[in-house]
Amino acid sequence: MREDYDVNKPVVNPKLVACMKQLKEQPTKENELAFFQELEQAIFLVPVKLDAKTREQDGNQTVLEKGSTISFVGITNANNEYYLPYFTDWNELGKWLKQEGQQTLMVSFEDGKSLVLKNEAYAGLVINPFTENFLFTRDMLSGAKKVVVEKETSVQIGIPAKYPTKLIDAVKELLPTLKSVSSAYLLYMMKDGEGSYLMVVDTTQKEVDFPKIGRLAPQYLDKGEFLDMVELQSDFGQSAVKSYEPFYKKKKSWFRR
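Residue numbers (the working numbering): 2 to 258.
Take these hints with a grain of salt, some might be off.
To be verified - Simulated pairs of lysine-lysine, PhoX-like, Cα-Cα distance not exceeding 25 Å: (1) Lys22 to Lys119; (2) Lys173 to Lys119; (3) Lys192 to Lys224; (4) Lys224 to Lys213; (5) Lys119 to Lys50; (6) Lys250 to Lys180; (7) Lys224 to Lys180.
As the list claims (entries may be wrong) - Across the chosen pairs, the derived CB separations fall in these ranges: (8) Lys173 to Thr205: 15 to 25 Å; (9) Lys251 to Thr166: 19 to 29 Å; (10) Gly196 to Thr77: 17 to 27 Å.
In short, the hints are calculated from the structure, not lab data. On a predicted model such as this, the values are computed, not experimentally measured, just so you know. Idealized CB from N, CA, C, for every residue including glycine.
Can you make the complete structure from the sequences, with help from the hints?
Right, here's the structure in full:
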């Protein structure tokens with residue numbers, strides 16, 4: 002972390018967030034340069050688990066004593082890839098982890114880059130995964146300054162020619178245990194010439210439910226097959242399911258508590 006950063010200040014990155022939005026809307030060289038300039042100066046929140054012995058120093062600093070351990074909390078995507086999540090502020094962190102007293106570290110982009118490249122378990126690093134969703138793969142972190150930015154593309158949606166029956170059977174067993182899920186649809190998506198299964202899920206807690214569903218995909222899909230997931234509440238989700246029926250609907254209870 003930068004030595005000149007005041008740990009008593011709240012972590013906020015309004016300029017970086019503005020640059021991310023601008024780069025996503027207009028992926029120009031000028032906007033990319035502005036983004037990386039802000040990225041180099043930014044301090045992020047990273048969720049951790051501390052098994053630590055601490056002591057106070059200088060009245061307002063907590064120092065970890067020898068023997069303390071820090072475990073970083075990762076996030077898994079629909080392809081079961083493990084990423085280190087970076088959050089620009091507490092509001093963004095709260096979109097994933099809502100428990101009070103969540104332990105965090107304040108780190109720079111270079112800190113995370115070094116951590117990911119030293120740990121092969123990580124597929125990369127992601128900034129604000131539930132809003133801007135800026136993704137850096139291991140190759141990006143070890144090479145040139147590049148960032149994945151979604152551009153407008155042609156997307157075709159339909160019924161899969163090869164229905165993944167075993168996967169859907171497993172998902173049907175899982176979904177009743179996820180109280181926040183009301184329904185789910187399975188479609189097939191063609192994007193930029195590449196195909197994948199698309200699951201549209203009506204959920205109020207995608208940050209909890211999507212990783213659980215996503216862990217099933219590698220067990221039941223063949224090599225080269227992928228599963229993408231979106232919320233039904235999103236504009237894309239609403240548009241995708243217009244002409245289709247869900248493969249799962251939560252059973253309604255006749256009783257009220």
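For which of the previously enumerated hints does the structure constitute a violation, in increasing order of number?
1, 2 and 7
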